Amino acid sequence: MNASSIAQLSVNAGLLLPLCMLLTSTALHAATETPALSAATGTGVSFHPPGEHMIPEGKFGDMIRMGRDIMLDTPKHAAPFVGNTLSCANCHLDAGRMAGSSPLWAAYVSYPAYRAKNDKINTYQQRLQGCFRFSMNGSAPPLGDPVLVALEAYSFWLATGLPVGKEAAGRGYPDIDKPAQSPDFKRGQTVYAARCALCHGADGAGQKAAGRVVFPPLWGENAFNWGAGMASFNNAAAFIYANMPYGMSYSLTPQEAWDVAYFMDAQERPQDPRWLGSVAATRTKFHDTPYSLYGQTIQGRILGNSGAPKRPPNESEAHIAP
Amino acid sequence: MSAHRFTAISTGLSMALLGALTSALAASAPPETSTCLACHGANGEGMAAAGYPRLAGLSSLYLTEQLNAYIDGRRVNAIMSGIANPLSAQQIQSIADYFSALPASSAPSPSALDAAQSSLGRQLAERGDWDNGIPACFNCHASGGIGVQPAFPPIAGQPAAYIEAQIKAWKTGTRQGSPQNLANALMYSVAMRMDETQTKAVAAWLAAQPLPAPDTRPAHTKP
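Quick mapping for you: the protein sequence lines, in order, are chains X and H.
Under our numbering, think of the first position of the first sequence as 1, with each following residue one higher.
Under our numbering, think of the first position of the second sequence as 1001, with each following residue one higher.
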């Protein structure tokens, strides 16, 4: 956020203050006095992953710690496979421990599994490859690469005591009620300015301090690409509703979460690496859902119309490519 | 020339230089800052023993907002409320501009910190306590607590007593933002979940962290 936008907020506050001081302070406190504790609230989760002080010593423990470190600072610890400035923990809160924030322990016990996204049975490592290719806008680490082994070891350890093959409460992002009104760009823009821009910037580019990302970019060249799960606004709405802003889970209404998710996913971002030569063809094959705005015309421009991806797929991606 | 005499001369020279430098700084300090300097230090470095925070290097926008908060009662402090109240908007701007331009001290504040506090404080600052709904300090105040200004001030090296008092102020309502100010809502929701042990530990640990001098780190930039 720049100085003028904060100043603008102050001006607005000054004008509104006499009128709605009582009203808004009541509203603020109603919203913040008994807030949901975290994304886990209401998921029915009873599983607790072990505390980090319980990571064993020795080589296996070292691998678990490496996985944890990759989650927290992915560009640093998995550099060759990362094409943006995001870290896993930006969307998997508390380094993948948090229920309702796509916890790794719940994912770990759910693989191998069939995925419609690539019409194949995917192992856990193959699922992780997808994260790098789409959410990290990078390249898939080869199966067995230390980066994948570390993330697998960390996930396995987090899932200690959790039954395999059974849907774990707290998996993914909690269901969000369908919006009363169709998600709307303008309303989402208003929510974004009030509740998101302080951290993620008015331009969605996030913010850095001393060269390190503090608040992740949400769109633009350093964000997740069009193939990421978060680029579908139903997923984004569910994530935002349960997890954003930090420490204020479920403080937006479902309608606000849908609107702001729509607004975020109606912005430009790196090309889908499964690019088929045209936006129309790529949409038909991979984005044929009302929740993807890829290839749609929003605010007078066709989203995703940025030409071929900057980086061709590598060998590790052959099996996950369409 | 004896070693003693050389030392005496160079010390004298250094003192003279320092004196000139200090008066140059003092000369550039606008008159309305004189009250501030008495407690927050001649260079805005704060006074750890008394719990008075460092002002040097805080953004002008943040400082302006705080002084205005004292005036309209969103922030309440026995000393500061009285000092801020008579200030004009122009004086506030002048004070805020002055301190924001001063380089932040890189020394940590003296802080009594035992091993248990250190471990808990570091955990809260770097990772938070998400089981209890508490994000890490550094999730918003940046790794090392160097801040993401203007909304998220640097917290490394601020006096422990000050940090502790602020967390408590959010809890008790003596520090509030305007309802439109998300930063205050964020800090409020964090503070209300922190217990006494956590509050003391994180305050003591943060106080003991040095704030790297601005010229050793890149300016805040957009990615």
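Don't take every hint at face value.
Unchecked claim - So, partial list: chain X residues that the calculated Cβ filter (under 7 Å) puts toward chain H:
hint, residue
1, LEU37
2, VAL149
3, VAL214
4, GLY247
Simulated from the structure, these hints should not be mistaken for lab results.
All of these numbers come straight from a predicted model, not from anything done at the bench.
Ideal Cβ placement from N, Cα and C applies to all residues, glycine included.
The hints, checked one at a time:
{"no.": "1", "hint": "LEU37", "in the structure": "holds (4 Å)"}
{"no.": "2", "hint": "VAL149", "in the structure": "violated (23 Å)"}
{"no.": "3", "hint": "VAL214", "in the structure": "holds (5 Å)"}
{"no.": "4", "hint": "GLY247", "in the structure": "holds (4 Å)"}
Of the numbered hints listed earlier, the single one contradicted by the structure is hint 2.
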